[in-house]
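Q: Please arrange chain B on chain A, whose structure you already have, making use of the hints.
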Amino acid sequence: MKRLLLPLIAGIATGALVAFAAWAQAPTAEEIMRRSHLAMYYPGEDMRARVTMRLVSKDGGERIRGMVLSRRNLQEGGEQRYFIYFHRPPDVRDMAFLVWKYPARDDDRWLYVPALKLVRRIAASDKHTSFVGSDFSYEDVSGREPEEDTQKLLREEKAGGRDAYVVESVPKDAGSAEFSRKLSWIDKATWLPLKEEYYDRRGDLTRVFSAEELKEVQGYWTVVKRLMKNVQTGHWTETVLTDVRYKLKLSPDLFNERALRAPPSELIR
Amino acid sequence: MRRRLAPVVLAALVVGPAPLSAEELPLHGFLQAASAYRLIRPDRCPHTQRLACREEFVLGEGRARVEVEPRGERWALSAKGELIGDAVGGEVDGEFREGYLDLRFPALDLRLGRQIITWGVGDLIFVNDVFPKDWVAFISGLPLEYLKKGSDALNATGHWGGTSLQLVLIPRFEADTLPVAGGRLRFHDPMAAVEHRNTDDPSPALERTEAGLRLFRNVAGWDFSLYAYRGFFHSPGAEVEPGPRLRLFFPPLNVYGASVQGAALGGVWSLEGGSYDSRQDRSGRNPSVENSSVKLLGGYQREIVPDLTLAAQYSVQVMQDHDAYLSTRGPGMARRPAARHVLTLRVTQLLLHQTLKLGLFVLGSPNEGDFYVNPEVKYNLTDALWAALGVNLFGGPRRAEFGQFEGNSNLYAVVRYAF
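Chains as they are written, first to last, in our numbering: chain A, 1 to 269; chain B, 1001 to 1419.
Bound conformation, chain A alone:
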């Protein structure tokens, strides 16, 4: 009993201290964006979800991209591996895409073309390229390092009925981003971005991200429905995640050429 008491007291004291610290001062803009980055792109050690992207043009023309996305972290906030297996449209069915993401250098990317049984390396120098033609870029899918931007906490306000921090991000290297300024509304409760506004070099609003639906899955809050709208072209993309699962014990060794050529069933359904 005594052995339990000490840690208990220590725990309560630490908790009280943390609560006091939080009350005493809001986290810095850097802390907010770091925590948001982890909450959005690193929850769980691994995850898998069915992803459906609806690409809608200004005149209402619609295209659907259906895939299974799997992710495995090598370190929290660090290296990651992604495997994306396409189910739709029929033109790209069974195509697979593998990404080894490094925080400090260009990703390694591979594409598997099933008709030719060909594994092809993809040049990954530009992270702003659209992902499968959607309004989301590669960077939006796998995250931009918060350290690449200068962060500033502007204010606190409600977004979609939730308490949020409003943070302004300005790229330290103007050439590293396709925006000159980004405003993020970060949910105080889950650290997930509720809304983002991207501004171009002239200061005009280009794209708006909104988290349409949050859901708690295995203890991890997840944006299961997200929207990216290009306000300049009127084109928008809705991404819906279903069958989200965390902690599947996906081995990092699954994310290799073998998986591209002969994908294991846990990465495709």
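All the given hints hold, so there is nothing to weed out.
From the structure, some residues in chain B lie toward chain A, with a derived Cβ separation under 7 Å: (1) 1116; (2) 1118; (3) 1267; (4) 1307; (5) 1353; (6) 1354; (7) 1419.
It is worth saying that the hints were derived from the structure and are not from the lab.
Ideal Cβ positions, reconstructed from N, Cα and C, are used throughout, including at glycine.
A: Just chain B now, with coordinates in the frame of chain A:
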């Protein structure tokens, strides 16, 4: 090569009720129409190629493809068959393109049956990829996937601690599909006068099974491969026999090679080399058998701005025993240099949310002077329907690799509805 479609239909019926997730149809495939209009009429054709001078279209056909791919936890089956209506030749044919069983074990992948196998890092330059190709489909303007043909093979890949070893055994030899006498494609034929020809049975006995080995591993983001192959040239050698009669045959060949590919300096770098050992003509003195040679390839690919990619390649093939080749070369045969240099450039621009693709591929040999140019526009009208319009332009000296196809240069159009 072509098989009746019956096995595919049968397979479709058998696996139809297999358990699959509700939103996926168990049946896929496409309907495709393709046509290619000859842009450069050959000025004269030998008797054996008279169709090439007569036919305005090098391609005019419709295809229906059916694909069934049931899958379990540790196995998968894949069957792809086509029904082809050839409007130019006026015939209907079936083709069994792929049909294989995949079995997955903890450290071993097995693939049994007719399958496409692709090796190497080149873009339309093949060093270690010795597996069969359909050059007629390629020249005629069919989509690139038709360049690769299936092999009836056993394909086993073992994986140990990040290193993989692939073994390919092909008991039934499948030759490349090349323009032949009597076909509608124009090509350089030094033996055009000899109309009586026969081809040695390209399916050798079991002890002549082709074998390939590939050892591969990723080291720090770079893909390294070693290759070895023991089999045959996939394009035939030719020998005039008394009669006169032309005998076409597939000489034995060994290939040893290596490749590496990885990302650095904002782009993707590729390097590949291979040594071709022409086992039946190691002295290089047999004019009907290709000499031994060494092939090297280097490539660089980079996305300049979002959705605009540039890729360049250089390759060289150095013939061994070139002096012996020159002194034994028959009349009418191309006088090839000791080294053939080739440069390629590919530019790809994606537009309209990656639904419109503008592509340009240029291949040329600076020392032999032959070239191939392929501009193409491809548009995805909907998720299910795409259309492509392009040109295949061949040119250069009549006896050079691509120059001989000048008279097949074409404007092609392909429309595909996939389901």
